[in-house]
Structures are given as C-alpha cells and as structure tokens.
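Protein chains in written order, with my numbering: chain S, 1 to 112; chain A, 1 to 113.
Simulated from the structure, these hints should not be mistaken for lab results. Treat the hints with care, since some could be wrong.
Quick list of in silico lysine-lysine cross-link-like pairs, BS3-like style, CA-CA up to 25 Å [as the list claims (entries may be wrong)]: (1) A/K57 / A/K17; (2) A/K57 / S/K1; (3) A/K11 / A/K57; (4) S/K109 / S/K1; (5) A/K17 / S/K68; (6) S/K109 / S/K42.
One letter stands for each residue in the lines below.
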Amino acid sequence: KQEVTQIPAALSVPEGENLVLNCSFTDSAIYNLQWFRQDPGKGLTSLLLIQSSQREQTSGRLNASLDKSSGRSTLYIAASQPGDSATYLCALSTGGGNKLTFGTGTQLKVEL
Amino acid sequence: GAGVSQSPSNKVTEKGKDVELRCDPISGHTALYWYRQSLGQGLEFLIYFQGNSAPDKSGLPSDRFSAERTGGSVSTLTIQRTQQEDSAVYLCASSLGGSNIQYFGAGTRLSVL
C-alpha cells in the first residue's frame, strides 16, 4: 500500500523567504504526482502536475521536483507572500484511472 | 466556465438517517472522483467513474455507501443509516480523462449528530 508523508506538518515563515516542502512516498511505481493547495473551507486547487517521466515542473514562483528512485518530491516556493498561506498537499497516481493517494499535508503560514 | 459544483455545501443530519450528496462535474469531463477528508484519516479516495461506469469503488468504506452517475455527468453519493464516523468533508473532482489534472469542488461538509 502506498504511504505518502509530508514534512513538516506545519511551517511559519516571514514574508519574502524561500521555502521547501517535502513529500515522500513508499512505492516508486507512480504515473504522476500533483501538488495542491487547500484554503480553509474550500476545495483543492491544482498547482503543478509532474508526469512519472519528468523531473520537474515550474509555474511562476513554484517549482516542483520528482525523484522516483528515492521516493521524494519537493515543492519550492520562492519569495513567499502572505497569500501563499494555505495547506499544501501532494498526491500520487499509482494505477489506472488516476485515483489519487494524498499526503498528510503541510500547513503553511507566511507572516508579514 | 463553471467549475465542479457540489451541493449542499453543508449538511447536518441525525444518526441513522440517509443522505444524498450531489456533484456536477465540469462539462465534458468523462472522469469523476469522490474523496473524503476527515480529521483522523486525511484525504481518502472513495470511488472513480469513467462515464457512467465505476471501474474502481475500492475506497467505499462499507455497504452503506453507494454512488451513481447518470448521463455521464451528475453524480450522487448516498450514505444510508449515517453514523457519527461518517462526519467529514466529501470532495468531488473531475478530469478530462483518467490521466489528467483533477479539478475539485468546494466539498460538502457532513455532520452526523
């Protein structure tokens, strides 16, 4: 069974800081990996999707990397802003149909 | 265009009652997913539809849970004889196919008293 862990569980940083969120998984046979953000009382917003054949994806201030052999993905956020405050979830697809197995989440707070 | 729509946004029910949760996917999306988010268990997969068929319902926690999808569009998740442990946020997502980005609705928060 796929186990997905995110470290740290919570993180508080001052505005402007660069930061890295970590996601580790036990089964390297994945189809793709997605990073989501979740705001309180709202659904999930997809940030980046990395196919299993890719090493990284970038969107604006966000960069996600994937290392299947070590079972790790990182989400790098550059020049963090208060609007980045949310819970960040990584999710893996390991089979047909693309059902997702979610990580435990990192709750990020960016302070002024 | 409209995103994934779920109704109701909040539902409070008494233990033992049946509830129906509705999901309207993005138009044209053939794949539809139900997930559950609870404090103790995180976010868990429940069931996946491709068109009107459910090739994977492995995440449904018990036979009190069922779901259907009609016309390749709207889906309903039914929970019979609700229990307090069913309290959670039920999230629906849709995608163009089985291997693309999933777009999530805002969820239905279910509280069983």
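Status of the hints after comparison with the structure:
| no. | hint | result |
| --- | --- | --- |
| 1 | A/K57 / A/K17 | 23 Å, holds |
| 2 | A/K57 / S/K1 | 16 Å, holds |
| 3 | A/K11 / A/K57 | 23 Å, holds |
| 4 | S/K109 / S/K1 | 31 Å, violated |
| 5 | A/K17 / S/K68 | 45 Å, violated |
| 6 | S/K109 / S/K42 | 17 Å, holds |
The structure is inconsistent with the numbered hints 4, 5, although it conforms to all the rest.
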